[in-house]
Amino acid sequence: MGICFGNYDIAVIGAGHAGCEAAMACARMGFKTVIFAVNIDSIANMACNPSIGGTAKGQLVREIDALGGVMGKMADKTAIQTKLLNKAKGPAVYSPRAQIDRRQYQTEMKHLLELQDNLDLKQAEITEILTETDGSGAKRVTGVVTHLGAEYRCRCAVVCTGTYLKGRVIIGEHSYSSGPDGHFPANKLSDCLKELGFTLIRLKTGTPPRVNRRSVDFSKTEPQYGDGKPFSFSFDEDAPQREELLCYLTHTNARTHEIIKSNLHRSPLYNGLIEGVGPRYCPSIEDKVMRFADKERHQLFIEPMGRDTEEMYVQGMSSSLPEDVQCEFIHSIAGLENASIMRPAYAIEYDAIDARQLRLSLESRDISGLFCAGQINGSSGYEEAAAQGIMAGINAARKLQGKEPLIIDRSEGYIGVLIDDLVTRGTKEPYRMMTSRAEYRLVLRQDNADSRLTEKGYEAGLISEERYERFRRKTEHISGEIARLKNTYISPTDRTNDMIKRAGGAPLKSGCALAELLKRPEISYEMLQEIEGKKTELSFREAEQVEISVKYEGYISRQEAQIRQFRKLEKRSLPVPFDYGTVDNISTEAREKLTRIQPESLGQASRITGVSPADITALMIYLNIKERDGHDES
Amino acid sequence: MKYDFEDTIAAISTPPGTGGIGIIRMSGEAAVRAADKIFSTNIKRAAGSNAVARMSSHTLRHGYITDPGTGEMIDECIISVMKAPRSYTKEDVVEINCHGGSAVMRRILSLLFECGVRPAEPGEFTKRAFLNGRIDLSMAEAVMDIINAGSEAGRRAAADQLSGRLSREISEIQDKIKLCLAETEVAIDYPEYETEEDTAAHAMALLKEIKEKLVRLSETFYRGRIMKEGIKVAIAGIPNAGKSSLLNMLSGRDRAIVTDIPGTTRDTIEEYVDLDGIPVILTDTAGLRKTSDTVEKIGVDRTYGAIESSDAVLFTADISSKDAAERSLKLLNDIKERFNNDKHMIVLMNKSDIESEGAAELFGSDAVRISAGKEQGTEAIIAKIRDAAGLGAEAGGHTAIITSRRHKQLIDNALDALSKAEESYEAHMPVDCISYDLWECGRYLGEITGGTIENDVIETIFSKFCLGK
Numbered sequence: 001m002g003i004c005f006g007n008y009d010i011a012v013i014g015a016g017h018a019g020c021e022a023a024m025a026c027a028r029m030g031f032k033t034v035i036f037a038v039n040i041d042s043i044a045n046m047a048c049n050p051s052i053g054g055t056a057k058g059q060l061v062r063e064i065d066a067l068g069g070v071m072g073k074m075a076d077k078t079a080i081q082t083k084l085l086n087k088a089k090g091p092a093v094y095s096p097r098a099q100i101d102r103r104q105y106q107t108e109m110k111h112l113l114e115l116q117d118n119l120d121l122k123q124a125e126i127t128e129i130l131t132e133t134d135g136s137g138a139k140r141v142t143g144v145v146t147h148l149g150a151e152y153r154c155r156c157a158v159v160c161t162g163t164y165l166k167g168r169v170i171i172g173e174h175s176y177s178s179g180p181d182g183h184f185p186a187n188k189l190s191d192c193l194k195e196l197g198f199t200l201i202r203l204k205t206g207t208p209p210r211v212n213r214r215s216v217d218f219s220k221t222e223p224q225y226g227d228g229k230p231f232s233f234s235f236d237e238d239a240p241q242r243e244e245l246l247c248y249l250t251h252t253n254a255r256t257h258e259i260i261k262s263n264l265h266r267s268p269l270y271n272g273l274i275e276g277v278g279p280r281y282c283p284s285i286e287d288k289v290m291r292f293a294d295k296e297r298h299q300l301f302i303e304p305m306g307r308d309t310e311e312m313y314v315q316g317m318s319s320s321l322p323e324d325v326q327c328e329f330i331h332s333i334a335g336l337e338n339a340s341i342m343r344p345a346y347a348i349e350y351d352a353i354d355a356r357q358l359r360l361s362l363e364s365r366d367i368s369g370l371f372c373a374g375q376i377n378g379s380s381g382y383e384e385a386a387a388q389g390i391m392a393g394i395n396a397a398r399k400l401q402g403k404e405p406l407i408i409d410r411s412e413g414y415i416g417v418l419i420d421d422l423v424t425r426g427t428k429e430p431y432r433m434m435t436s437r438a439e440y441r442l443v444l445r446q447d448n449a450d451s452r453l454t455e456k457g458y459e460a461g462l463i464s465e466e467r468y469e470r471f472r473r474k475t476e477h478i479s480g481e482i483a484r485l486k487n488t489y490i491s492p493t494d495r496t497n498d499m500i501k502r503a504g505g506a507p508l509k510s511g512c513a514l515a516e517l518l519k520r521p522e523i524s525y526e527m528l529q530e531i532e533g534k535k536t537e538l539s540f541r542e543a544e545q546v547e548i549s550v551k552y553e554g555y556i557s558r559q560e561a562q563i564r565q566f567r568k569l570e571k572r573s574l575p576v577p578f579d580y581g582t583v584d585n586i587s588t589e590a591r592e593k594l595t596r597i598q599p600e601s602l603g604q605a606s607r608i609t610g611v612s613p614a615d616i617t618a619l620m621i622y623l624n625i626k627e628r629d630g631h632d633e634s
Numbered sequence: 001m002k003y004d005f006e007d008t009i010a011a012i013s014t015p016p017g018t019g020g021i022g023i024i025r026m027s028g029e030a031a032v033r034a035a036d037k038i039f040s041t042n043i044k045r046a047a048g049s050n051a052v053a054r055m056s057s058h059t060l061r062h063g064y065i066t067d068p069g070t071g072e073m074i075d076e077c078i079i080s081v082m083k084a085p086r087s088y089t090k091e092d093v094v095e096i097n098c099h100g101g102s103a104v105m106r107r108i109l110s111l112l113f114e115c116g117v118r119p120a121e122p123g124e125f126t127k128r129a130f131l132n133g134r135i136d137l138s139m140a141e142a143v144m145d146i147i148n149a150g151s152e153a154g155r156r157a158a159a160d161q162l163s164g165r166l167s168r169e170i171s172e173i174q175d176k177i178k179l180c181l182a183e184t185e186v187a188i189d190y191p192e193y194e195t196e197e198d199t200a201a202h203a204m205a206l207l208k209e210i211k212e213k214l215v216r217l218s219e220t221f222y223r224g225r226i227m228k229e230g231i232k233v234a235i236a237g238i239p240n241a242g243k244s245s246l247l248n249m250l251s252g253r254d255r256a257i258v259t260d261i262p263g264t265t266r267d268t269i270e271e272y273v274d275l276d277g278i279p280v281i282l283t284d285t286a287g288l289r290k291t292s293d294t295v296e297k298i299g300v301d302r303t304y305g306a307i308e309s310s311d312a313v314l315f316t317a318d319i320s321s322k323d324a325a326e327r328s329l330k331l332l333n334d335i336k337e338r339f340n341n342d343k344h345m346i347v348l349m350n351k352s353d354i355e356s357e358g359a360a361e362l363f364g365s366d367a368v369r370i371s372a373g374k375e376q377g378t379e380a381i382i383a384k385i386r387d388a389a390g391l392g393a394e395a396g397g398h399t400a401i402i403t404s405r406r407h408k409q410l411i412d413n414a415l416d417a418l419s420k421a422e423e424s425y426e427a428h429m430p431v432d433c434i435s436y437d438l439w440e441c442g443r444y445l446g447e448i449t450g451g452t453i454e455n456d457v458i459e460t461i462f463s464k465f466c467l468g469k
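The listed protein sequences correspond, in order, to chains A and E.
Read in order, the letters of the first sequence correspond to residues 1 to 634 in the numbering used here.
Read in order, the letters of the second sequence correspond to residues 1 to 469 in the numbering used here.
Just so you know, these hints were derived from the structure itself, not from any lab.
We put the CB at the ideal spot given by N, CA and C, even for glycine.
The calculated label-pair distances, taken between Cβ atoms and stated as ranges, are:
1) E:Ser56 x A:Glu589: 45 to 55 angstroms
2) A:Glu530 x E:Ala201: 26 to 36 angstroms
3) E:Gly69 x A:Arg564: 17 to 27 angstroms
4) A:Lys428 x E:Ile382: 57 to 67 angstroms
5) A:Ala561 x E:Leu206: 24 to 34 angstroms
6) E:Ser56 x A:Phe578: 35 to 45 angstroms
7) A:Ser524 x E:Ala46: 32 to 42 angstroms
8) E:Arg106 x A:Lys509: 33 to 43 angstroms
9) A:Glu537 x E:Ser56: 41 to 51 angstroms
10) E:Asp416 x A:Gly533: 32 to 42 angstroms
Beyond 10 angstroms from chain A on every Cβ pair, some chain E residues (computed):
11) Arg25
12) Ser57
13) Arg61
14) Glu271
15) Asn341
16) Asp342
17) Ala380
18) Asp387
Start from the sequences, fold in the hints, and give me the full structure.
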């Protein structure tokens, strides 16, 4: 046994987006926590695009914030351009996104961790997780060991290793052992996880080149502005004023595609150097050119990396072609003819675990106290990582509190969809959150994330009394205003009808409840105030929720009926572990999958690929008979 | 995916065709809600008062069933509520006691189906009682038999060419819905993706085609039902036109009492016969004439009920005398009028062996000469019934046919979802709402084939569109 350097309740391995949320949650819930980073300057690094949010991801950030997480607040502090995406596509999919000053984000996050009570920050690579086995053969976590042999005791560990595990960077014919952004990889922990019984999978992702702003000719590009509207991810603060930086749009062209095609034989994807499975939702440029050969051009967004740097990110140009080919195709693009590449694009391969070995709490089914969050579970993206991080952190802390884990189900949040998908179905490629994955997205909106989750965050201990009180007042304002709109009638006066006609609507013929009027597509909540002739006292957030709840009431209530249906199966819990060998009438495939995944409810069981409705019915019958037998005996 | 045991189900739970009172039973979460949509405690008021929701469990209430669409009063009834878990199925159970005419009961049932309830399969109430732990272990095996029989039949049906065709056809429609969804979803999830056209408009165009296919499929249920359950054929005519003889001729045994005293058949008589491969449920009815005899009057009412619930009518005209032929014609026209020319009428000119001159000319050229007494004309009748069943030579043999009520309901639900999508598009609702309806449509169809579409849509997005950083 090595020398013990300290005793902690919880050790967090990795200080990326998942690790930071996990460590903050544990420490704030009162547990003595230590967080390890391979390099302290890499804390909360945005190794790829310098932005946070976007479709489905913006919703995740809002949810993390509602639970008391930190990503939203840090992003609000460091945003350099903001936008609510999908404004024309409906309230379920309004998605906040911010361009971020990458370096400032890291600095702020590092400082936040440093200032947090109960939290120690250490630079070290963790090479081993220590466990002990009790008399009954059950394993539990007892500590972690650093690359220098230092041993730290802990009762829970949260593993958030990102793309560091056996990380391998590939550029053309070259490949070398490396973490992201030139940091050291973590080569030893993979083997330890394997010994602990985890199935490892190999995944791949990539990032585009960065160029110097001074070498770009912006006159050949289209500037992209923010929407100029008040913006904050966090429900806890008002939208601050910001000086905005621009992004720029340009396109690839026939020449670019020609260069790529004629150099394809040098691509590691085609010469076999890459074995990991890459994400289809963010293919490399060579993939795009080959798979969509009829497309004449592809979009490229040039995005600033921060206020104190001239470095810019070329979104849409992810590649693993050799550096000389990258130079050639970059220079074929309008505006980038003389671009000076600061960092080449690269692909990175890394080890991840098969997340189907985890419970919905993100704790390993086999090793008590071992939690995993982020890219190690097969996800992709900062927001997906942070969402798992806060859940793993909360659940590690709750385990030590002796409480039931906090599980967010698919009808309560994108976080629930994300974790349920990873843990129940697993993934073969890096998993990106999309709104289409959320079957209840009309209810899982960015505007109401606080009303869905603040209660849970408060119960966990991550929402202050003062914030909770403000949340309750907000809820009252919203329900009060909705009730008022339903009970206030407006007469068809000339003035009112003039206003309606100007908005392009049909005039009123008789009195009408304000709520009914608001349901018309041409009438906004803002116009309603004009019609009423008085200004609302609601904040912009409250007004947004009122407007959406009223306008889309019909669809929302249909969705709520679906959710009631969904909860029925979700409520029927299954024993874990459970011997599915004794259940008659289920298919061999279902039996094998159920045994391996050990679902926690009939609902979760029904989502396992290969488990059919007939299997679920048979399982239900079996449970009923067993339950009754139990009653008979007692 | 919605499981069949999660739906709210309804069925007429009294034996068909008899009794002055009938009971419609509903079980499931939506039972009370559905009942409230059609039940009103006051004859002057429309339904929708939450009267049923306010009832205590295990109580009765008097009231009226009205059509929520038209406001028309359909029947007076007594409604009873047994709330979960203290009911036969351990779910909310609502029973509507109404006036047993089969037409009325079917009308009420179809109103409930419009309110989100679906028809119960045979044995389904019992199956639920078991699944919800209501009935004891000794009954479990019997119920398992029902469930197994269901899946056994399902397996056989799957092997069946017709059903294979159905799932193929549904899958093809699903593929189109997935394409529609891929269009709307990519616009939502990749706002910066360059799309050449208005996604919603494009999806709407695709939708028209899907809708036509589903309507065609839904319409095959008539034929499908007949293949499975038989065509219901009522025999009607003036008293002593030879209806009972016709029944006996077709069924090949003396079931109806054949006399020459008019009005002998005072009740309806049902007979199941196989006519050259076509399953037929024949109903002999009392002769129709104005009467003051109370017993016979009831018979006449039943006759109209039998005609109402039939798929086709074998109208037996008496051509043995000018007078009988004229009275027959008058009755024929009365029936046509009463049913708005909606009934498939097969006109048989009976007693052709003692035909009175000129009597046959009263009826159209479609009318068939037969003699039930001499057992002549069976083949011509079968040909006519075959046409009425939609199984004639011209019936297309290459499309899928739905035979299950559940499938029919799901297809109609899918169609409703598509109509909602179109309405929302017309009303300028945003694409996420339209997409909601498309997902719903896809899920309903998925319940027929047993597959989910979520992952397929995402696959379609990635294979069809070029996305990413």
